[in-house]
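K.L.:
These are the residues of each chain, in order.
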Amino acid sequence: MKLYVFLHRLIYLNTNQNSCKPQIIEKVITKKNWKLKNFGLRSPVGFVYNQPSALVSRTDVASVTSWLAPIIWEGTFDATLIDFIYKQQNLTIATTVFALGKYTRFLKDFLESAEQHYFVGFRVHYYLFTDHPEEVPEVKMGENHRLIVRKVPSMNRWQDISMGRMEILEKLIKNELASEADYIFCLDVDAKFYGRWGVESLGRLVGVIHPWYFDAPRDKFTYERRPESQAYIPVEEGDYYFTGAAFGGSLEDVHHLTKTCREQMNIDIANSIEALWHEESHLNKYFLHNKPSKLLSPEYLWRDINAWAAQIKVVRFSHVAKNNAEVRPNA
Amino acid sequence: MMVRQNFLIAVLFGMILSGLIYLNNIQCSCNQQITEQGFNCSQQITEQGIIKPKWKQKIFGLRSTPGLLYNQPSVLVGRTDVASVSPWSAPIIWEGNFDSTLIDSIYKQQNLTIATTVFALGKYTRFVKDFLESAEQHYFVGFRVHYYLFTDQPESVPEVKMGENRSLTVQNVPSLNRWQDISMSRMEKLENLIENELVNEADYIFCLDIDTKFYGRWGAETLGRLVGVIHPWFFDAPRSQFTYERRPESKAYIPAEEGDYYYAGAAFGGSLEDVHHLTKTCREQLNIDAANSIEAVWQEESHLNKYFLLNKPSKLLSPEYMWRDINEKAAQIKIVRFTNVPKNYAEVRPNP
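In order, the protein sequences belong to chains A and B.
Counting the first sequence from 1 gives a position; my numbering is that position plus 161.
Counting the second sequence from 1 gives a position; my numbering is that position plus 78.
Keep in mind the hints are simulated off the structure, nothing from the lab.
This one's a predicted model, so the numbers in the text were calculated from it and none came from an experiment.
It is possible that part of the hints are untrue.
Quick list of the computed label-pair ranges, beta carbon to beta carbon [to be verified]: (1) B/S318 / A/I309: 49 to 59 Å; (2) B/T247 / A/K474: 51 to 61 Å; (3) A/K381 / B/T179: 19 to 29 Å.
Here are the simulated SDA-like cross-link-like pairs (lysine to any residue), alpha carbons at most 20 Å apart as the crow flies [what the hints assert, rightly or not]: (4) A/K381 / B/V155; (5) A/K248 / B/K186; (6) B/K186 / A/H450; (7) A/K248 / A/Y210; (8) A/K420 / B/S142; (9) A/K381 / B/K412; (10) A/K474 / B/V155; (11) B/K412 / A/L216; (12) B/K412 / A/S214; (13) A/K381 / B/L146.
Backbone N, C-alpha and C define an ideal beta-carbon position, used for all residues, glycine too.
I would like the entire structure built from these sequences, with the hints used as guidance.
P.N.:
And the structure:
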C-alpha cells in the first residue's frame with residue numbers, strides 16, 4: 162500500500178516538473194530546424210598573424226556601409242585568420258547554378274575554376290540545375306566538394322529562365338537544404354573564378370555590388386522605375402545597385418529572399434508587367450528593405466577579366482565573354 | 079508466497095521507477111546546457127517547433143522602412159584616417175561611417191530592450207548622478223533601457239529623472255575592501271544577473287564603468303553580438319606594448335607576438351548569450367588565478383582581453399566610446415561620446 166502511495170507521489174512530481182516542458186515562446190512559432198547555429202568567431206590559441214590596425218586601411222574605398230555592414234575588398238581582411246576562424250565551424254556551403262539550353266557550355270570553366278578558387282578547403286555542395294544533364298562535363302572535385310545535378314524543364318525565354326530560378330531556389334532550400342547546409346550562394350553560370358572567393362564572403366545576407374554601377378549616383382541605377390511593378394524604387398531611394406548574378410547568406414535569410422522575390426514576380430505577372438532587369442530588379446527591391454549584413458565589392462562579380470578599374474586590385478569572379486545572340490534561346 | 083509477491087511488486091516498482099526516470103530525462107532537454115556555443119537546447123520536439131533557449135533576443139534582419147530618405151551610401155568614399163573594419167570583418171564604429179537616422183530607423187522596429195549595468199560601491203556613488211543624467215541625454219535615446227545599479231549603499235543613489243521607457247533597478251551588494259576585488263567581482267555578478275533575471279527581459283547588455291560621463295551619442299550603432307571598445311590609450315600602439323598580462327602562470331596570459339587590439343574593461347557588451355559566456359569565462363579564469371595566488375596586471379580587463387583574443391568581437395567601438403578625458407584631444411577623435419571623469423584615486427578608492 163505504501164508502495165502505491167510512493168509511486169503515485171513520484172508520478173505527481175514528474176508531471177509537475179514543468180521547467181522541462183517545451184516552451185513555445187511568443188515570438189517563435191514553428192521555426193524550421195536550420196542547420197546553421199550561431200557560432201562565435203573563435204580563434205585558436207597560439208595563432209600568429211600581422212597586428213590589425215585601428216587607423217590604417219585602404220583609403221580609396223569604403224569598407225562599411227552606412228548601416229555598418231562590412232564591404233569586402235582586397236586588403237580589408239586577413240585571409241589566414243578568417244580561414245582559421247571559420248574552419249572550426251564545420252560548415253557546409255551550398256552553391257547553386259543554372260545551365261539551361263546552350264549555357265551548359267559554361268559549366269566546365271565555371272566548375273574547374275571554382276575548384277581552384279572557391280571555398281578551397283571547405284565543404285561545398287554544388288546544385289546544378291539543367292535541362293541537359295547529359296551535357297554536364299566530368300570535373301574533378303576536390304575532397305569535400307560534391308556536385309548534384311537536377312533536371313529542370315527547358316524554357317523558351319532567357320528572361321523566364323532567369324526569373325524561374327527564384328522559385329526553384331526557394332523550394333530547394335525549404336525541401337532539402339535546411340538541415341544540410343549552413344550558407345548558400347546563388348551564382349550565374351556564365352562566369353569564371355580568377356581569384357579567391359572564401360569565407361570572408363559569409364554572412365547572414367550577402368549582396369554583391371554590381372560592377373557597372375559602383376560609382377554611380379542612385380538616380381542612375383537601373384532599378385525598376387514604374388510604380389506598377391512590385392520592384393519599383395523611386396529615384397530618391399536606393400543604397401547600391403546589386404547584381405542578380407551572385408547573392409547569398411544563411412539558408413533562412415536566402416529562403417526569405419527567394420520566397421519574397423518569387424511572390425513579387427508573380428504579382429507582377431498577374432499585372433502583366435515584367436521588371437526591367439527581371440529578378441535582379443526584385444532582388445534590388447528586397448535589399449533596399451532588408452539590408453544585407455555584408456556586401457561584396459565588385460571584385461566578386463566583375464565585368465570582364467580584361468576590364469580594369471583603379472579600385473579593383475583582384476578579380477575574383479567575372480562574367481565570361483559571350484555572344485548573347487548565339488547562346489540565348491530568344492532575343 | 080508473501081515473499082514472492084512482495085518481490086514481484088518490488089520489481090514492478092523498480093521498472094516503473096526506471097521508466098519514469100528515463101522519460102523524465104528525455105523531457106528535461108530544456109535544462110540549460112552550456113554547450114560549446116553557449117546556451118542551446120539541442121533537442122528538437124517536433125519537426126517544425128524547436129525548443130528554443132529562453133533568450134529574449136530574436137535574430138532580426140535589418141528591416142528598413144519604405145520611403146525613408148537619407149544620403150546615398152558610397153562604395154568608394156569613407157574616412158581615410160581610420161580603419162572601419164577589423165581583419166575579421168567586424169565593423170569599427172567611428173563618427174562618419176554610419177548614418178544614425180537610418181540605423182535608428184532599422185533598430186527601432188525591433189522593439190529592443192537594452193540592459194545596462196554599473197557598479198557604484200563605497201565612494202563611487204558620487205559618480206552616479208552625472209552618469210545617469212548624461213546617459214539620459216545621450217545613451218540610446220528613444221530606446222528602452224533598463225539600468226541595473228549595483229551598490230553597497232542604496233540610500234546614496236540620487237533621484238534622477240528618467241525618460242519614458244527607461245528604468246533603474248538598484249541591487250544591494252556587500253562592500254569590499256579592495257578596489258581590485260570590486261572590479262573583478264563584477265564578472266560573477268554580471269553572470270548571475272544575466273542568468274537569473276535578464277534572459278527574458280533584454281536583447282542586449284552593456285556593462286559600463288561608473289566613473290564616467292556621456293558627452294555625445296551612444297546609440298544603436300553599437301549593437302552587436304559581441305562588442306568590445308578599443309582602449310583610448312593604446313589604439314595606435316604596437317601589440318608588444320599592450321598591457322596584456324605577460325606571465326604565463328596567469329590564465330589571462332597573452333604572448334608578446336599575439337593580440338589584436340587592447341580593449342577597455344570599462345565598457346563591453348553584446349547579446350545576452352554572448353556576454354553571459356564572456357562573464358562566465360572571465361569569472362572562471364579569475365578564480366583559477368586566485369587559486370594559484372596570481373592577480374592579473376589589470377584585473378578583469380586582462381581577462382577580458384584574453385577572452386576577446388580567442389573570441390573575436392563581432393563589432394568594435396572606437397575610442398570615441400571610451401575616451402581618456404573630455405579635455406584631451408586626438409586627431410582621429412572627432413567626437414567624444416563617453417569618457418572617464420577625473421578623480422582623485424587616493425580619495426575615492428578604498429585601498430591604493
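K.L.:
For every hint, state whether the structure bears it out.
P.N.:
Taking the hints in turn, this is what the structure says about them:
1. B/S318 / A/I309: 49 to 59 Å: Holds - the Cβ-Cβ distance for B/S318 and A/I309, about 50 Å, lies within 49 to 59 Å.
2. B/T247 / A/K474: 51 to 61 Å: 52 Å, holds
3. A/K381 / B/T179: 19 to 29 Å: 23 Å, holds
4. A/K381 / B/V155: Measuring from Cα to Cα gives roughly 18 Å; hence the hint holds.
5. A/K248 / B/K186: 35 Å, violated
6. B/K186 / A/H450: Satisfied, since the Cα-Cα distance of roughly 14 Å is no more than 20 Å.
7. A/K248 / A/Y210: 16 Å, holds
8. A/K420 / B/S142: 18 Å, holds
9. A/K381 / B/K412: 33 Å, violated
10. A/K474 / B/V155: 17 Å, holds
11. B/K412 / A/L216: 14 Å, holds
12. B/K412 / A/S214: 18 Å, holds
13. A/K381 / B/L146: 19 Å, holds
Consistency note: the structure conflicts with the earlier hints numbered 5 and 9.
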